[in-house]
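*Asks:* My request is simple: use the sequences and hints to build the entire structure.
Read top to bottom, the protein sequences are chains A and B. Heads up: the first sequence runs through residues 0 to 244, numbered per numbering that gives the first Met the number 0. Heads up: the second sequence runs through residues 0 to 244, numbered per numbering that gives the first Met the number 0.
Worth flagging that the hints you see were computed from the coordinates, not collected in a lab. Each hint can be trusted.
Keeping only pairs whose Cα atoms sit at most 30 Å apart, straight-line, the calculated DSS-like set for lysine-lysine is:
hint, chain 1, residue 1, chain 2, residue 2
1, A, Lys-177, B, Lys-91
2, B, Lys-177, A, Lys-58
3, B, Lys-109, A, Lys-177
Number of protein chains: 2
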Amino acid sequence: MRNIKLTIEYDGTRYLGWQRLGDSDKTIQGKIENILTQMTRSKVEIVGSGRTDAGTHAKGQIANFKTDSKMALSEMIEFLNRYLPQDIVVKKLEEVPERFHARYNAKGKKYSYYIWNNMIPSAFERNYSFHYAEELDLELMNEACSKLTGTHDFIGFSSLKKTKKSTTRTINELSIQKDGNLIHFTFVGDGFLHKMVRILMGTLLEIGAGTLQLAAIDEVFESKIRSEAGITVPAQGLFLDEVYY
Amino acid sequence: MRNIKLTIEYDGTRYLGWQRLGDSDKTIQGKIENILTQMTRSKVEIVGSGRTDAGTHAKGQIANFKTDSKMALSEMIEFLNRYLPQDIVVKKLEEVPERFHARYNAKGKKYSYYIWNNMIPSAFERNYSFHYAEELDLELMNEACSKLTGTHDFIGFSSLKKTKKSTTRTINELSIQKDGNLIHFTFVGDGFLHKMVRILMGTLLEIGAGTLQLAAIDEVFESKIRSEAGITVPAQGLFLDEVYY
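*Replies:* Written out as structure tokens, the structure reads:
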């Protein structure tokens, strides 16, 4: 059996998210599996590095699948990009050892979140950022980034209920770059709980807007109470940039 | 009567182009006129700086309209951006002298064209560039840009039939910038004939690909025969960036 690793880019606007839902044709995983099944003429299931929510994008989602097919990788990638919808692109295919598993072996991930920060919205960034019109205190948000960096129990910054599994994660980098009206947030860590990036982002946003105190971060680490953190920002500003192995 | 100048940004993907077609709701002009008519409660017609083709985008289209309305500009822009679809944005409104006419007074225009130059397509640039997979000789294309710059009769590089009006235009700048896989072409001139940017672009592309000789440019200036120039590239890579007055 060959084990093949895919690097995938997608514009999530039209989709219900990564994970296949029954026979629905509105998920990224479902779309790719359907084409792979046509290509290899036997049912293919792919393993993604993790789910992405409806509307969330990816520039470097990773998945793998096993196949008996003898087809060359160069032919496969051509077939895939010819028959996939234009908003899903397979950027790379690699032959990997049979034990490689896109989810279990992931050692970390990099996400981006974009805020369009101007009174006037953007016609081009509308599906790729969250439009926030009010002024933001970037200095305060940078302080908040420092507080969030490091190893913490992030359960209060996730949509998870109490669980026996560890909810401790390490954020290695959380940085902010302003480029005109677009503010780009980079999150690098060893793993992110469900909705964690969007809730961290909502917390940073509320701190920058002055509706939440900087001290709220330590309080949520302490209390582990989701409702004391910021809002969950919309999925359309979020990109999965890279998965580390 | 007040005369109001609009600066408009639009993602042209979903539209049949700028110019209103009867009662069709699928044009930019039609969409904006409908909202302005609702806003002022009397029929409004807007004059654009010029048409853009179906699928073409704008970052700085200019238009103007006359109205008796007493509404403040700040209220108007808020109303417009609230009720326009998200892929059309009014960036600026200005009070201008009654004689200002967005088309007649335009002294020049700036366009951009984007080529996505890689084997692998882009999920995010698919509607905002032309995907061209083969290698391009940028040096040769730069030479072609020099040849096209200046004052020439561009009728052979347009979709126009013989006409009594002058088809002589001046291109002040035609430059190429490469940013990763994206190649950005900038066209600045005192005016562009119908389809001229897309045919110049197709000519540059064929020269870069080696399927058309550099000498073809002088030959088309000479012969004025459209079929001797390059293809008309797709509209989705084209942006109207700025109109000069």
